[in-house]
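Once you've looked at the hints, dock chain B against the given chain A.
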Amino acid sequence: MVVELYLDLLSQPCRAVYIFAKKNNIPFEFKDVVLFKGQHMSEEFGKVNPLRKVPALKDEAFTLAENTAILLYLSRKFNTPDHWYPSDGQKRAKVDEYLSWQHTAIRAQGSKVFLIKALVPLLMDKPFPPEKLEGAIEELNSTLKQFEEKFLQGKLFIVGNEISLADLVALVELMQPVGAGYDVFEGSPKLAEWRHRVEEAIGKELFQQAHEAILNVKDMAAAAAQLDPQLKEKLKQLLQKNLK
Amino acid sequence: MVVELYLDLLSQPCRSVYIFAKKNNIPFEFKHVELLKGQHLSEEFVKVNLLRKVPALKDGAFTLAESIAILLYLSRKFNTPDHWYPSDVQKRARVDEYLSWQHTSIRPQGCKVYDIKAMVPLLMDKPFPPEKLEEEIKDLNFSLKQFEEKFLQDKPFIAGGEISLADLMALEELVQPVAVGCDVFEGRSKLAEWRSRVEEAIGKELFEQAHEVVLNTKDLSAAQFSPQLKEQLIQMLQKELK
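Protein sequence lines, in the order shown, are assigned to chains A and B.
Each residue of the first sequence is one higher than the last, beginning at 356 in the numbering used here.
Each residue of the second sequence is one higher than the last, beginning at 68 in the numbering used here.
Okay, chain A solo, but in the shape it has when bound (with noise of 0.2 Å):
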């Protein structure tokens, strides 16, 4: 039984797992989960993960949420190339400080600014307040800021020569802002070279594919056109506690 792998491409992390799959040619079945339908709420998708998010995946009678997570076991379990997750210690503790130091920098940020660009004007029936979005911004622009500082610098990928784990996990979380509108590779060229060589090392026709959904905000404002009405308050409430 291959193993399953429970995604909505319209997020960074299920990107990141997807790409990675794909990439290194691991069998797996798509489980479709479409967020704007509500399935990650099912009773079906709640005994596979019942924290009700998504990347979720299921080997036989195994279960694991959390993209770190499932993007570790795949590679253990499937002997992934060595650069995605380098067996060399320092190398190693590079990866696993950049996967740890995201979760609260690049993705809160980058996904915040995709709640209020794109979402709340799909969901609030309503534009975007321009004072959050601006501050949202600048605080992303911030955390890019330590990005190129601290965890690229000067190299040609987070851990050195070749792409890993991290790389992949950034450049997904980065194209949220960007399916937005907001294209933060502009006015960085060190990012956007970065950008470049990731995508170039994934393969551009995977990276495309795996990026349709979100560079597709009209398609967006069709699923959330039809959204069911208690899943639509639903998300309204958690998009207002999340923008305070």
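Just so you know, nobody snuck in bad clues.
Just so you have them, the derived chain A footprint on chain B, three or more residues with Cβ under 8 Å:
(1) 121-134
(2) 150-160
(3) 163-174
(4) 213-221
Since the hints were made in silico from the structure, they are not lab data.
Keep in mind it's a predicted model, so treat the numbers as computed, not measured.
Think of the CB as a built atom: it goes at the ideal place given N, C-alpha and C, for glycine as much as any other residue.
Quick look at chain B alone, frame taken from chain A:
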């Protein structure tokens, strides 16, 4: 040259690193970075960790931030007993899963309870807002429910029969609200029993030693805070209180 660990035991992740190193007899030099004195903002410390946070590690020329990265680095370098980060792939995944999830659940929620209850009165010269505290406690309670139902279930520890890095990190985060009088273990027998097991696995003496500083939070005075840090914290608290 021994590994240098830059720590302040007021901080949850610092305690995890400290306890782990001590428990495993890992030789290290304790470099005290006094948060209240703003020492994490010093030029000297920035050379160790550009992110200006503790814990941080320095091993020769190699520097490392983030408690999870540090714990894993130490476990590999010093070949610590398997149960801390099991070689069994599925058990290891359980540890990874918890360590990832906690960043945006138990950790920030425990911090906020601590900040609102202790730091607001201390630094902002006003009593803590009870509705705000209630809100944060509600969020923390929800996470604790998820912790019990998904991560712990009916097992003695998160990854199964033995303590791992996941239990250590989890408990340290929960000590923070306890230190300000929000006893998360009260009324939760399963959680309380898990806590006893973790404490026993660590060893009571080491456990008490590591918690001495944070459990004396009520004895802190505003005068102990450097003016620069006080200003920074007040800004952060104002944001948290919105």
